[in-house]
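*Asks:* Sequence:
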Amino acid sequence: MTFENITQPNSPSRIQYLDGLRGVAIFLVIFYHAFSRWHSIVPYGDELRYFPLFHYGRFGVQLFFMISGFVIFMSLERSKNFPEFMIRRWIRLFPAMLICSLIIYSTTSFFYERPAGIPEISALLPGLTFIEPYWWQLILGSPVGELEGAFWSLYVEIKLYLVAGIFYFLIGGQRMIWVMIGLFLVAAIVLFLGPVFQEHGWHQAKQLLNAFSGRPCGWFAAGALFYRHFNEKKQWLLVAAIITAVAAALVEGKAGRGEMLYEWRPALAATVVALIFMVAALNQKVQKVLANKLLLTIGFISYPLYLLHENMMVSLIIKSGHLLPWVPPILMPVIPITIVIGIAYLVARYFEPPIRSFLKALHLKLQARGWG
Numbered sequence: 207m208t209f210e211n212i213t214q215p216n217s218p219s220r221i222q223y224l225d226g227l228r229g230v231a232i233f234l235v236i237f238y239h240a241f242s243r244w245h246s247i248v249p250y251g252d253e254l255r256y257f258p259l260f261h262y263g264r265f266g267v268q269l270f271f272m273i274s275g276f277v278i279f280m281s282l283e284r285s286k287n288f289p290e291f292m293i294r295r296w297i298r299l300f301p302a303m304l305i306c307s308l309i310i311y312s313t314t315s316f317f318y319e320r321p322a323g324i325p326e327i328s329a330l331l332p333g334l335t336f337i338e339p340y341w342w343q344l345i346l347g348s349p350v351g352e353l354e355g356a357f358w359s360l361y362v363e364i365k366l367y368l369v370a371g372i373f374y375f376l377i378g379g380q381r382m383i384w385v386m387i388g389l390f391l392v393a394a395i396v397l398f399l400g401p402v403f404q405e406h407g408w409h410q411a412k413q414l415l416n417a418f419s420g421r422p423c424g425w426f427a428a429g430a431l432f433y434r435h436f437n438e439k440k441q442w443l444l445v446a447a448i449i450t451a452v453a454a455a456l457v458e459g460k461a462g463r464g465e466m467l468y469e470w471r472p473a474l475a476a477t478v479v480a481l482i483f484m485v486a487a488l489n490q491k492v493q494k495v496l497a498n499k500l501l502l503t504i505g506f507i508s509y510p511l512y513l514l515h516e517n518m519m520v521s522l523i524i525k526s527g528h529l530l531p532w533v534p535p536i537l538m539p540v541i542p543i544t545i546v547i548g549i550a551y552l553v554a555r556y557f558e559p560p561i562r563s564f565l566k567a568l569h570l571k572l573q574a575r576g577w578g
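My numbering numbers the first residue of the sequence shown as 207 and each following residue consecutively.
What the hints contain is simulated information worked out from the structure, not anything from laboratory work.
Everything numeric in this text was worked out from a predicted model, so none of it was measured.
In silico DSSO-like pairs for lysine-lysine, Cα to Cα no more than 27 Å straight-line:
{"no.": "1", "residue 1": "Lys-412", "residue 2": "Lys-365"}
{"no.": "2", "residue 1": "Lys-286", "residue 2": "Lys-440"}
{"no.": "3", "residue 1": "Lys-440", "residue 2": "Lys-491"}
{"no.": "4", "residue 1": "Lys-494", "residue 2": "Lys-440"}
{"no.": "5", "residue 1": "Lys-494", "residue 2": "Lys-439"}
{"no.": "6", "residue 1": "Lys-566", "residue 2": "Lys-365"}
{"no.": "7", "residue 1": "Lys-412", "residue 2": "Lys-460"}
{"no.": "8", "residue 1": "Lys-365", "residue 2": "Lys-460"}
{"no.": "9", "residue 1": "Lys-439", "residue 2": "Lys-491"}
{"no.": "10", "residue 1": "Lys-286", "residue 2": "Lys-365"}
{"no.": "11", "residue 1": "Lys-566", "residue 2": "Lys-286"}
{"no.": "12", "residue 1": "Lys-286", "residue 2": "Lys-439"}
{"no.": "13", "residue 1": "Lys-286", "residue 2": "Lys-571"}
My request is simple: use the sequences and hints to build the entire structure.
*Replies:* Printed below as a string of structure tokens:
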């Protein structure tokens, strides 16, 4: 997921409807975790689990990937070279990850109902380094957990940055997009035909493509094409963006499902998410709706909110069920969500900026000395 340019929510340098879309995306993810993902442990069980807005709220992450493609292409254009691009990304992502990781780890004894359990100190490593636990287990030779399951999308983001950045500076922006579409198409082919050709190394091919985040490349490439259309106003770019977004959405009907099974409901839900981005990118009235104060504020804090919310929120929902069992299921997560939003706002508004400013100043000093 991307959280480009987190400064002030009303900064003129921001494209406001993108902040609104971030707000929509994080609400979708929160609803999924509150009502559907952890139905086996929340007080209201699966009473609201299959309500479409909640059950398919997981596709809020794919909406983040589309936003990422849009803003990261913009960031690539503003970077002189690949190292500078990656350093800028790290400066954007690390401060909130550091603060939120420390908050999460230091409060686990209070939020002991966490679905992820009480973590070991080694669980700090994957998030702080943006490297998946699997690789840390190989390095350390022992199991390494992670603070939050939701961190998986940050690992994907970093891989998307690496692929996009390397190819952008090697072969240019347009070809970079085609490379990412190519990775997505190969991943889709392996996903659909893998069960038929299991004995021909397709499982290994799937693992390799997962290492390069092949499937998310489709969402990312669609966002990048929308950015190019936003800048260049060429009709073929819009057509390519729409086709890529719809293709990425349709593949979600197969992702992670049974051997030969294709499920149209997830594909339809993912297509709706893609359409939300498309309409927002093309319709000024929708852009004005997305630029309302609530969505802009939630979009402004979406990164720390994403990092913090899952286990803390679920723990608070369970506590609420014990203290306020008479509250209707649809309302029980309201107070927990509000509390997590408040903490995320404090992180984004007061704690994150000083660290980012320090890292930026340090980077400039190192550059002046020829070290960065």
